[in-house]
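Colleague: Between the sequences and the hints, there should be enough to build the whole structure, so can you do that?
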Amino acid sequence: MKLTPEHEEIRRTVIKFVENEINPYVEEWEEAEIFPAHELFRKLGNLGMLGITKPEAYGGLGLDYSYQAVMNEALGHAHCGGVPMAIGVQTDMATPSLARFGSDELRARFLAPTIAGEAVACIGVSETGAGSDVASIKTYAVKDGGDYIVNGGKMWITNGVQGDWICLLCNTAHDGKPHTNKSIICVPLMEDGKRFPGVTVERKLKKMGMRSSDTAELHFEDVRVPQSYRIGDEGAGFMYQMLQFQEERMYSALSATPGMLNAIQETIAYTGQREAFGQPILHNQVVHYRLAELLTEVECLRALTWKAVEMHVNGEDCTILASMAKLKSGRLAREVADSCLQYWGGMGFMEETHISRFFRDGRLGSIGGGADEVMLGIICKLMGTLPTRRKPA
Amino acid sequence: MKIAVLIKRVPDTASVFAINPDQKSVATDKLKFVMSPYDEHAVEEAIKLKEANGADVVVVSLGPDSAKEVMRTALAMGADEGLLVTGAGTDSLTSKGVAEALAAAVKSIGAELVFAGKQAVDDDASQVAERVAELLEMAHASVVTKFELNGGTAVVNREIEGGSYTLELPLPAVITIEKGINTPRYPTLPNIMKAKKKPIAEKSLADLGLSAEALAPGVVLESLSLPRQNRRNHIIDGDTPARVNELIRLLKEEEKAL
Ligand SMILES: Cc1cc2nc3c(=O)[nH]c(=O)nc-3n(C[C@H](O)[C@H](O)[C@H](O)COP(=O)(O)OP(=O)(O)OC[C@H]3O[C@@H](n4cnc5c(N)ncnc54)[C@H](O)[C@@H]3O)c2cc1C
Numbered sequence: 000m001k002l003t004p005e006h007e008e009i010r011r012t013v014i015k016f017v018e019n020e021i022n023p024y025v026e027e028w029e030e031a032e033i034f035p036a037h038e039l040f041r042k043l044g045n046l047g048m049l050g051i052t053k054p055e056a057y058g059g060l061g062l063d064y065s066y067q068a069v070m071n072e073a074l075g076h077a078h079c080g081g082v083p084m085a086i087g088v089q090t091d092m093a094t095p096s097l098a099r100f101g102s103d104e105l106r107a108r109f110l111a112p113t114i115a116g117e118a119v120a121c122i123g124v125s126e127t128g129a130g131s132d133v134a135s136i137k138t139y140a141v142k143d144g145g146d147y148i149v150n151g152g153k154m155w156i157t158n159g160v161q162g163d164w165i166c167l168l169c170n171t172a173h174d175g176k177p178h179t180n181k182s183i184i185c186v187p188l189m190e191d192g193k194r195f196p197g198v199t200v201e202r203k204l205k206k207m208g209m210r211s212s213d214t215a216e217l218h219f220e221d222v223r224v225p226q227s228y229r230i231g232d233e234g235a236g237f238m239y240q241m242l243q244f245q246e247e248r249m250y251s252a253l254s255a256t257p258g259m260l261n262a263i264q265e266t267i268a269y270t271g272q273r274e275a276f277g278q279p280i281l282h283n284q285v286v287h288y289r290l291a292e293l294l295t296e297v298e299c300l301r302a303l304t305w306k307a308v309e310m311h312v313n314g315e316d317c318t319i320l321a322s323m324a325k326l327k328s329g330r331l332a333r334e335v336a337d338s339c340l341q342y343w344g345g346m347g348f349m350e351e352t353h354i355s356r357f358f359r360d361g362r363l364g365s366i367g368g369g370a371d372e373v374m375l376g377i378i379c380k381l382m383g384t385l386p387t388r389r390k391p392a
Numbered sequence: 000m001k002i003a004v005l006i007k008r009v010p011d012t013a014s015v016f017a018i019n020p021d022q023k024s025v026a027t028d029k030l031k032f033v034m035s036p037y038d039e040h041a042v043e044e045a046i047k048l049k050e051a052n053g054a055d056v057v058v059v060s061l062g063p064d065s066a067k068e069v070m071r072t073a074l075a076m077g078a079d080e081g082l083l084v085t086g087a088g089t090d091s092l093t094s095k096g097v098a099e100a101l102a103a104a105v106k107s108i109g110a111e112l113v114f115a116g117k118q119a120v121d122d123d124a125s126q127v128a129e130r131v132a133e134l135l136e137m138a139h140a141s142v143v144t145k146f147e148l149n150g151g152t153a154v155v156n157r158e159i160e161g162g163s164y165t166l167e168l169p170l171p172a173v174i175t176i177e178k179g180i181n182t183p184r185y186p187t188l189p190n191i192m193k194a195k196k197k198p199i200a201e202k203s204l205a206d207l208g209l210s211a212e213a214l215a216p217g218v219v220l221e222s223l224s225l226p227r228q229n230r231r232n233h234i235i236d237g238d239t240p241a242r243v244n245e246l247i248r249l250l251k252e253e254e255k256a257l
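First to last, the protein sequences are chains W and L. For the first sequence, position 344 (counting from the first letter as 1) is numbered 343 according to numbering that gives the first Met the number 0, and the numbering increases by one without interruption. For the second sequence, position 166 (counting from the first letter as 1) is numbered 165 according to numbering that gives the first Met the number 0, and the numbering increases by one without interruption.
Careful, some of the hints might be misleading.
As the list claims (entries may be wrong) - No more than 25 Å apart at the CA atoms, straight line, and that leaves these computed lysine to any residue pairs for SDA-like:
id	chain 1	residue 1	chain 2	residue 2
1	L	Lys29	W	Thr3
2	L	Lys196	W	Asn45
3	W	Lys15	L	Asp121
4	L	Lys195	W	Pro54
5	L	Lys29	W	Trp305
6	L	Lys29	W	Glu18
7	W	Lys42	L	Lys49
8	W	Lys15	L	Thr27
9	L	Lys31	W	Ile267
10	W	Lys15	L	Tyr164
11	L	Lys31	W	Lys205
12	L	Lys195	W	Met0
13	L	Lys193	W	Ile14
14	L	Lys195	W	Val312
15	W	Lys15	L	Thr144
16	L	Lys29	W	His6
17	L	Lys195	W	Ser65
18	L	Lys145	L	Tyr164
19	L	Lys202	W	Pro4
20	W	Lys15	L	Thr182
21	L	Lys31	W	Gln264
22	L	Lys193	W	Thr3
23	L	Lys29	W	His287
24	W	Lys205	W	Glu26
25	W	Lys42	L	Lys178
26	W	Lys15	L	Pro10
These are computed hints drawn from the structure, not numbers from a lab.
Modeller: The structure is reproduced here in structure tokens:
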């Protein structure tokens, strides 16, 4: 894909922002297991970084996805996965449906402050009992006058502890048709500095990686919101979410590559000066060949991902390529992290090295936003090789 | 009022440097390039002045086409237009020739105030802005940490060893900027997109009508070398006072570091 000088300027600006406003604080935020989302998002909002593809009427820039793709890649220069992931939730996971299908009123209420960085957004799909199998979620909303009353819970919600609103997938019909009984509703988590009535943060979850990002289990008990807070049509929620997943998946692949390249570069530097048996570790052919192999794989991933981006920009259906890119990036992040960490020896096992954090953070890639096996299922479906289940006789 | 800001695209000082086999040039293929950091402060100071008083800010650079990269950053920060001196002969100039070319460029746009970084972090020569002032017969202050405009007079603080002093300069003037003066803004994304429409004009050395004599090098580059990188691993024995004395002697006499 041909990038313009403006793309490159955006890349430079975002990398500079990451180097000055994120990286110096990563250790502190990882330790605290949370980062100051409101403070950081306000800075990003002021620079116009939270609404690149969003309509100008709500403070966005109205640009095509290639500009967002450049930003997502540049965010990968952070020395952790947690903060870029939280930003990705704000730009690519919680807001695409709202921007595309939300009413003007709803976009003014939720999208505009999210683009400005005044409000922190969450995406609520997964539940304790339903992750990969999105259709089987249990959270539901029933109509009461002009309102919905929401009951249920969401699990592993990024930004959940400090979020202001959640883009919530829930059942709005009870007819047992899992693909057409769902809607997406914007549910406030905070109101005037206080918890929105009926919303509880059950737990701030402790995690093996992505520690600077706060992850919560949320509970909804008789949460009353106007029906006008529903995005688009009733019953279209599952379909909207499947569309919204495309951006989420490209985000995952795009933001993962700089970390892989950095891991390879840092490993070259470390093994180049660390000696064993009278020579630098890097001089063993098994080591430099392996690093060459990994770099080759990363370049393949980048080519695949940008092809998906290009299709998406051209308005074509990129589902199969976005799913492949997500699958490949999850697997490759693990492979790069594991191979590189190995060559760091004991140092690689220490928390003080970037490689050990990359190893921990990168593990999420194959799980979150659709596990590898879910991606394979989508690819098989589009290849026409997924067997249909026989109906029980 | 027109303000010219002299900016230079330089290697990021965090890059790993290598010297070409000719020993007279730096290998550029693996370098990452940025706007010289002092120049960023100069651009910021010009934009602040524009915001306060209204002005037209023109960034001026000399170099290959890729120098436009840093000019675009400056335009996205808020400068209005760019002028790049480029083409045949520009790559072999020394500070003297560069200053002649930039002085001619500044003259062509009729700037009353010229800002520049106090030095470019690639060759650290601190020559160009001073020479431009001399060539254009403008007042000059260097290493400035505070700038104010009072009508036709610039009032500046200038860093000196262990303190600073205040100078008043009549305009037109050339001011070189030190780091502490301001915090350069990030270009906002909307401004990056708007900068697309801002013009960057190009001029060659011939367009500027410079003579061969003006462009002739004032100095001859003999060779470049990297600082010594292999470690000595010198372990000093003895009791503490003796070790300290020996360390000082080594640093003074052998390493010439003190
Ligand atoms: C740090 C973190 C942040 C997260 N943030 C969010 C968020 O903000 N919002 C949100 O909604 N969710 C979030 N999630 C949840 C995440 O999207 C889910 O964990 C993920 O979709 C997998 O669901 P699950 O955990 O229920 O796994 P399960 O569905 O229980 O699956 C477990 C494993 O079984 C295998 N498997 C599943 N289906 C198949 C199949 N058909 N064939 C073969 N194998 C299969 C896969 O290997 C899978 O990993 C987050 C998770 C984490 C860890």
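Colleague: If a hint holds in the structure, say so; if it doesn't, say that too.
Modeller: Structure-based check of each hint:
For the suggested pair Lys29/L and Thr3/W, the alpha carbons sit about 22 Å apart, so the restraint of at most 25 Å is met. A C-alpha spacing of about 22 Å is found between Lys196/L and Asn45/W, which places the hinted pair at or below 25 Å, so the restraint holds. At most 25 Å may separate the alpha-carbon atoms for a hinted pair to count; Lys15/W and Asp121/L meet this at roughly 20 Å. Between Lys195/L and Pro54/W the CA atoms are separated by roughly 20 Å; this keeps the pair inside 25 Å, and the hint holds.
Straight-line distance between C-alpha atoms of Lys29/L and Trp305/W comes to about 24 Å, which keeps the hinted pair within the 25 Å bound. Only pairs whose Cα atoms come within 25 Å are accepted, and Lys29/L paired with Glu18/W is accepted, the gap being roughly 20 Å. Annotation: proposed proximity of Lys42/W to Lys49/L holds, straight-line Cα distance about 23 Å (limit 25 Å). For a cut-off of 25 Å, the pair hint linking Lys15/W to Thr27/L stands: about 21 Å separates their Cα positions.
For the hint linking Lys31/L to Ile267/W, the alpha-carbon distance of about 18 Å falls within 25 Å, and the restraint holds. At most 25 Å may separate the alpha-carbon atoms for a hinted pair to count; Lys15/W and Tyr164/L exceed this at roughly 33 Å. Straight-line distance between C-alpha atoms of Lys31/L and Lys205/W comes to about 39 Å, which puts the hinted pair past the 25 Å bound. The straight-line distance between the Cα atoms of Lys195/L and Met0/W is roughly 19 Å, inside the 25 Å bound, and the hint therefore holds.
Pair hint Lys193/L plus Ile14/W holds up; C-alpha atoms about 20 Å apart against a cutoff of 25 Å. Distance check on the hinted pair: Lys195/L and Val312/W sit about 20 Å apart at the alpha-carbon level, within 25 Å; holds. The straight-line distance between the Cα atoms of Lys15/W and Thr144/L is roughly 24 Å, inside the 25 Å bound, and the hint therefore holds. Between Lys29/L and His6/W, the direct Cα distance comes to roughly 21 Å. Compliance with the 25 Å bound is thereby established for this hinted pair.
With a C-alpha separation of about 17 Å, the suggested pairing of Lys195/L with Ser65/W holds against the 25 Å cut-off. Simply put, Lys145/L and Tyr164/L have alpha-carbon atoms about 10 Å apart, close enough for the 25 Å limit, and the pair holds. Taking the CA atoms of Lys202/L and Pro4/W, the gap is near 21 Å; set against the 25 Å cutoff, the hint holds. For the proposed pair Lys15/W and Thr182/L, the alpha carbon gap of about 14 Å is at most 25 Å, so the pair holds.
In summary, the hint linking Lys31/L to Gln264/W is supported, as the alpha carbons are separated by about 15 Å, within the 25 Å threshold. Under the criterion of a C-alpha separation no larger than 25 Å, the hint pairing Lys193/L with Thr3/W is consistent with the structure, at around 13 Å. Pair hint Lys29/L plus His287/W holds up; C-alpha atoms about 19 Å apart against a cutoff of 25 Å. In summary, the hint linking Lys205/W to Glu26/W is supported, as the alpha carbons are separated by about 16 Å, within the 25 Å threshold.
In summary, the hint linking Lys42/W to Lys178/L is supported, as the alpha carbons are separated by about 23 Å, within the 25 Å threshold. Taking the CA atoms of Lys15/W and Pro10/L, the gap is near 15 Å; set against the 25 Å cutoff, the hint holds.
The structure is inconsistent with the numbered hints 10 and 11, although it conforms to all the rest.
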